[in-house]
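Following the hints, position chains F and Z against chain B.
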Amino acid sequence: MAGNTSGKTAVGTWIGFALIMLWCLFPVAWIISLSFKSEGETAAGSAQFLPKEPTFDNYKAIIDNPDFTRALINSFGISLIATLLSVIFATLAAYAIARLEFKGKRLVLSLALAIAMFPVVALVGPLFDMWTTFGLFNTWPGLVIPYMSFTLPLAIWTLSAFFREIPWEMEQAAQVDGATSWQAFRKVIVPLAAPGVFTAAILTFFFAWNEFVLAISLTSTTSSRTVPAQMSFFVGPDPFNPPYAQLATASVIVTLPVIVIVLLFQRKIVAGLTSGAVKG
Amino acid sequence: MSTAVAPETEKSGKDHRKGSKPVVSDRTSAENRLGLKLVAPAVVLMLLVTAYPMLQALYLSLFRYRLTAPDDRAFVGVDNYLTILSDDQFWLSTGTTVLIMVVTVAVELVIGFAFAMVMHRIVFARGLMRTSILIPYGIITVVSAFAWQFAFSLNNGFVNAWFSWLPWIAEDTNWFGDYWHAMFAIMVSEIWKTTPFMALLLLAGLAQVSEDMLEAAKVDGATWWQRLTKVILPNMRAAIMVAVLFRALDAYRIFDNIFVMTKGAEGTQSISFLTYRQVIEQMQLGLGSAMSVLLFLSVLLLAWLIVKLFRVDLAQARGEG
Amino acid sequence: MAALALASSLLAACGGDSGTPELVWYINPDSGGQDAVAEKCSTDDYTISTQVLPQDAGQQRIQLARRLAAKDPEIDLMSLDPPFTAEFADAGFLAEVPQDAREQLEQQGTFQGALDAATWNDKLVVFPFWSNTQVLWYRKSFVEKAGIDMSQPVTWDQIIDAASENGGKIGVQANKYEGYVVWINALVEGAGGTILENPEEGVDAEITLGDEAGQKAAGIIEKLASSEAAPADLSVSNEGTAGSTFGSDQGSFLVNWTYIFKNYDETAPDVAKDIGYTRYPQTVEGEESRPPYGGIGIGVSAYSDDQELALEAAQCLVDPESQGINADLTGNMPASTEGYEYEALQETFPADLLELFQTSVDAAAPRTVTPYWSDVSGSIQNIWHPPRSVDDETPERSTTFIEDVLKGGDLL
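Protein chains in written order, with the numbering used here: chain B, 1 to 280; chain F, 281 to 601; chain Z, 602 to 1013.
Keep in mind that the hints were calculated from the coordinates and are not lab data.
Some hints could be false.
To be verified - Interface residues of chain Z toward chain F, partial, derived using beta-carbon atoms under 8 Å: (1) Asp636; (2) Ile663; (3) Ala670; (4) Glu688; (5) Lys777; (6) Ser836; (7) Gly841; (8) Ser845; (9) His986; (10) Pro987; (11) Asp1011; (12) Leu1012.
What the hints assert, rightly or not - 20 Å max Cα-Cα, derived SDA-like pairs, lysine to any residue: (13) B:Lys103 with F:Ile512; (14) F:Lys317 with B:Ser110; (15) B:Lys105 with F:Pro321; (16) Z:Lys874 with Z:Phe862; (17) B:Lys103 with F:Asp306; (18) B:Lys105 with F:Leu328; (19) B:Lys268 with F:Leu408; (20) F:Lys317 with B:Ile32; (21) Z:Lys1008 with F:Asp367; (22) B:Lys103 with F:Ser309; (23) Z:Lys1008 with F:Gly357; (24) Z:Lys1008 with F:Arg307; (25) Z:Lys641 with Z:Pro655; (26) Z:Lys672 with F:Leu513; (27) B:Lys52 with Z:Ala869; (28) Z:Lys641 with Z:Glu939; (29) B:Lys105 with F:Leu314; (30) B:Lys103 with F:Arg307; (31) B:Lys103 with F:Lys317; (32) B:Lys52 with Z:Glu867; (33) F:Lys317 with B:Thr180; (34) B:Lys268 with F:Ala405; (35) Z:Lys741 with Z:Gln753; (36) F:Lys317 with B:Leu85; (37) B:Lys8 with F:Ala502; (38) Z:Lys824 with Z:Glu813; (39) B:Lys52 with Z:Ser849; (40) Z:Lys741 with Z:Ile628.
All residues carry an ideal CB built from backbone N, CA and C; glycine is no exception.
So that you can see chain B by itself, here it is in the shape it has in the complex (with noise of 0.2 Å):
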């Protein structure tokens, strides 16, 4: 089939190459760039695309500012913690759905999608008013029940999407020689599915990770404050100037997970994209 490709197809699919990763890389370059100009030369304003005089400073003055490194902190805490759960749940969810016949399971779908098409500030009220009357108002669980939530629709049908493609008749095998439908999910199934609980698992982090209404509604201090909602309050060094700098040195350091976990597992994400996402 390569062979029909005739020369102009794959000169333009090497301009299209070309595109694609300026595309992807250049604002990236951009804010590595940025983060390497000193506080001078942007008080200063700098137009050009490179530092004048590179420097670390900034990454030294982000890693020295407390209320930045707690805000990691409570990013992959809360982040961590509301992926396992939500997947834990999720895959329970999602083995029922593609493997069980039982009654409401349209109803659970149905419900998953509506919930992903949820528009999330029209809950900010409402779970504001809830969260300070249970307490959970500025801390971890405020944030990481919410985020379950969320979650859990792109964590099931990701799931259920797997679920559906691992050889059942192990299961029903493991059924026969005595054990329960629990046992044989148990010892026969989770093994099988661990590469798309994984996947699934990853998808849930990104959107914690990145998730901003919430983090900026239901936060007021940096005891529960993730790294998008403190940014966006980041104060400088001059506290009349955005430190534009010290903001894309903060942006490399919360984008280098991110960079990390696709360049490990790329694969598996595209896989989990669009599993489920297209089936004809």
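Just chains F and Z now, with coordinates in the frame of chain B:
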């Protein structure tokens, strides 16, 4: 396809078991119970954070209630709704939101499709390309907003310096100084970040288009354009529609970019931002709750419209039973 | 997992195992003044720790109000911007300043304007800490070139014309934020008007922004926005960007708070030497200008678990020495005459500038004290922003809009 598969295997499984376990109805009801037990935690959690607060919002929306003046709380019926629906700002924000949604989704669809074509054809560096395209997808929206805000910044951005040869861009163009410029910057950030997602969904759709059919069309002498419109696009319909539905609803809820880049100045506030302002900044829980309810209803309406207009069969498209 | 372990150890650290109570003071960002004062005022009975609020005054209000509405006991002390004092007091968030502290404040010569801004319903609800005002800063080289006599009071018309004709840009604050309303308020008050009257009526207060003074103010903003003197970033300008404009080659005039004087010492020493200062420009020729009034008062939360200690601490935080230390470090001027006598301060700032600051604070026009200030201010921002859109109908339109918003008939 899997719609049909799951129940069938289930049935055959049951047939198989009939010999060893005589009471079928027990088995079925046990399965029913187990199914419910397994989905229960997820369902409870989803409802706890959405349905219950939404009902509370419905209730609060009937009151005049402000956090900083708690004694002034009073039942006002549907007054809050009337206030909002007769308000210019509500409609202007809705207009802005719809504009952002339509433009970004349209542009993403075109660029995303082009990306998908390239990724589909490419034979080298697939891993590199996949990695690169996932970076904008994975990057925090707030970071994307900052990156573009700084790029367009008057004193520290390179956009003015690089593009001042264009007649409508000057060295001192203030990109956040009027509606259209600010909207442009916001949309660039949104499009940059979300096009990869669109491209990946379309790529998966593209993989469903049979090569044989394309080959046959080629043999029959169909031009490139004919192959695209007659073979490729119709066969990708489901994928395109799902992508449009999800991105459109996502774009309709746009908030992060606006919050970071303009804070809603120059008339760029979206409907989500307006709701946020009432609830969080003004602490108007009554009026804000009414906005929340309206926002929720408008999302439902939008989803319904897209599904009806484009006849998206989600269950089929997503392979859900 | 490592993150989790680290987080839990941090949480444990926050819990505090030592016997001395920790008072948490929520501060607006500054260059270290409040931290220094917090350390100075920590005693054997309590330590004062600080938590930084966002930069924008409106955001500071939101962060604090949401937690106070939830009766959060973890806020002990807070730095409050004057326009939001009334709202917080009205909502019952603030503990009253005790009598002996009040006497101390009067004794150290706290400015009347600062006391007024700290009072709601005849009760003193915050401790005036620093009092800020704006003056007109100018580049000596520029006025020389333009040939203006800066020893006489100048008007807005004059400086706009002078800057336009000589290729200068004027630095103001006109982003869609509280600082823009500060400017508008000063212009209105300078023309003998006011934004609203009878604030004690709450939502039924009379909005007087549409009167003649409002027209004058709109006229000036319109004139500047359409003149050559308008900086390119006018509609997104704040204290910082205006400072940058002033420091650039096109710098001419700048209205800005007291701290800007020390702003250029390190980054642009040439500019620092070129700075001149005089009284805030007049809205109407011959009518005394009313410079903006700003500052910070320290409020004690009504929900604090250690209210007694917090009140005691606040008293120390606002004593003349604390005010002096803070002023010297940040350029945010003291709220009392005794605070101005702090020695280091006298060395850092020229005597005539300190005098200008004091006379300006005396003449300053605070924003009206009303619990609904955030609505009033937000409404004004909505209608008056961007400055380019301001015309002679703007004041009238904003009057109607504020009334509608206050009565709940319009969204903000």
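Hint by hint, here is what the structure shows:
| no. | hint | verdict |
| --- | --- | --- |
| 1 | Asp636 | 27 Å, violated |
| 2 | Ile663 | 6 Å, holds |
| 3 | Ala670 | 4 Å, holds |
| 4 | Glu688 | 6 Å, holds |
| 5 | Lys777 | 4 Å, holds |
| 6 | Ser836 | 5 Å, holds |
| 7 | Gly841 | 11 Å, violated |
| 8 | Ser845 | 7 Å, holds |
| 9 | His986 | 6 Å, holds |
| 10 | Pro987 | 6 Å, holds |
| 11 | Asp1011 | 6 Å, holds |
| 12 | Leu1012 | 5 Å, holds |
| 13 | B:Lys103 with F:Ile512 | 39 Å, violated |
| 14 | F:Lys317 with B:Ser110 | 18 Å, holds |
| 15 | B:Lys105 with F:Pro321 | 14 Å, holds |
| 16 | Z:Lys874 with Z:Phe862 | 10 Å, holds |
| 17 | B:Lys103 with F:Asp306 | 15 Å, holds |
| 18 | B:Lys105 with F:Leu328 | 19 Å, holds |
| 19 | B:Lys268 with F:Leu408 | 14 Å, holds |
| 20 | F:Lys317 with B:Ile32 | 49 Å, violated |
| 21 | Z:Lys1008 with F:Asp367 | 14 Å, holds |
| 22 | B:Lys103 with F:Ser309 | 10 Å, holds |
| 23 | Z:Lys1008 with F:Gly357 | 16 Å, holds |
| 24 | Z:Lys1008 with F:Arg307 | 64 Å, violated |
| 25 | Z:Lys641 with Z:Pro655 | 24 Å, violated |
| 26 | Z:Lys672 with F:Leu513 | 58 Å, violated |
| 27 | B:Lys52 with Z:Ala869 | 18 Å, holds |
| 28 | Z:Lys641 with Z:Glu939 | 18 Å, holds |
| 29 | B:Lys105 with F:Leu314 | 12 Å, holds |
| 30 | B:Lys103 with F:Arg307 | 14 Å, holds |
| 31 | B:Lys103 with F:Lys317 | 12 Å, holds |
| 32 | B:Lys52 with Z:Glu867 | 19 Å, holds |
| 33 | F:Lys317 with B:Thr180 | 15 Å, holds |
| 34 | B:Lys268 with F:Ala405 | 17 Å, holds |
| 35 | Z:Lys741 with Z:Gln753 | 15 Å, holds |
| 36 | F:Lys317 with B:Leu85 | 16 Å, holds |
| 37 | B:Lys8 with F:Ala502 | 18 Å, holds |
| 38 | Z:Lys824 with Z:Glu813 | 16 Å, holds |
| 39 | B:Lys52 with Z:Ser849 | 19 Å, holds |
| 40 | Z:Lys741 with Z:Ile628 | 35 Å, violated |
Checked against the numbered hints listed earlier, the structure breaks hints 1, 7, 13, 20, 24, 25, 26, 40; every other hint is satisfied.
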